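Trainee: For reference, the chains in residue letters:
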Amino acid sequence: AQSVTQPDIHITVSEGASLELRCNYSYGATPYLFWYVQSPGQGLQLLLKYFSGDTLVQGIKGFEAEFKRSQSSFNLRKPSVHWSDAAEYFCAVGSGGYQKVTFGTGTKLQVIP
Amino acid sequence: DGGITQSPKYLFRKEGQNVTLSCEQNLNHDAMYWYRQDPGQGLRLIYYSQIVNDFQKGDIAEGYSVSREKKESFPLTVTSAQKNPTAFYLCASSPPYQETQYFGPGTRLLVL
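For the record, the sequence lines run as chains P and S. Here this note's numbering is used: the first residue of the first sequence is 1, the next is one more, and so on. Here this note's numbering is used: the first residue of the second sequence is 1, the next is one more, and so on.
Misleading hints may appear alongside valid ones.
As the list claims (entries may be wrong) - With the Cβ distance kept under 7 Å, some of the chain S side facing chain P (calculated, not the full set):
1. GLN17
2. GLU99
3. PHE103
4. GLY104
5. PRO105
To be verified - As a list, the in silico PhoX-like pairs of lysine-lysine whose alpha-carbon atoms are at most 25 Å apart:
6. LYS100(P) / LYS57(S)
7. LYS108(P) / LYS9(S)
8. LYS9(S) / LYS49(P)
9. LYS14(S) / LYS100(P)
10. LYS9(S) / LYS70(S)
11. LYS68(P) / LYS108(P)
12. LYS71(S) / LYS57(S)
Since the hints were derived computationally from the structure, they do not count as laboratory data. On a predicted model such as this, the values are computed, not experimentally measured, just so you know. Just so it is clear, CB atoms sit at the ideal spot from N, CA and C, and this is done for glycine as well.
One chain only, chain P, in its complex shape (with noise of 0.2 Å):
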């Protein structure tokens, strides 16, 4: 069965600074990987997403993420922080078609000015 972990579930960093969160994945084959963003109270907007070819994948307000297969790994990155970024985070996985999605449970940003 597939699984996703973040490790952190809260995070705090300077507007300005660099942003790294991490996810790791278990699944067999090549999986299919996403991270979303959801404001309180909102519904989730899909950040970027992975499905093959370039492991460096380029996404929404700034966001990059790696996949390494290696390290079972799909951190996500974004150079210099903003205030509006403030927001939880949620890594997942798919195995395909309408495979079922698998969550993390989401690590929670804040930044302080």
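Chain P is fixed; fit chain S onto it per the hints.
Mentor: Below, chain S without anything else, positioned relative to chain P:
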């Protein structure tokens, strides 16, 4: 504008009462999903539907029921058998042959 709408934004349930959460999409997506979100637990799949008149149980289907009579609509009923219904409920849909899910704004269910 295309999108997914969920209503109501807040819903209150009394003991022993069934309540229905609405989910509508005008994206022409085939697949639709219902998730439950509790603090610190991420999203857990309740039910999903790949086509009209067909749906499958997810990981936590007990105490819930769904229908899919129209492509655009996938309502979720929280029955009285669900003993701990307080949560944030999210509906999602995905295009044909794609894994990317698009989410509605959610409904928060509270028990009186």
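Trainee: All hints, please: hold or fail.
Mentor: Comparing the hints with the structure gives:
no., hint, verdict
1, GLN17, "violated, 24 Å"
2, GLU99, "holds, 4 Å"
3, PHE103, "holds, 4 Å"
4, GLY104, "holds, 5 Å"
5, PRO105, "holds, 5 Å"
6, LYS100(P) / LYS57(S), "holds, 11 Å"
7, LYS108(P) / LYS9(S), "holds, 23 Å"
8, LYS9(S) / LYS49(P), "violated, 28 Å"
9, LYS14(S) / LYS100(P), "violated, 32 Å"
10, LYS9(S) / LYS70(S), "holds, 22 Å"
11, LYS68(P) / LYS108(P), "holds, 23 Å"
12, LYS71(S) / LYS57(S), "holds, 18 Å"
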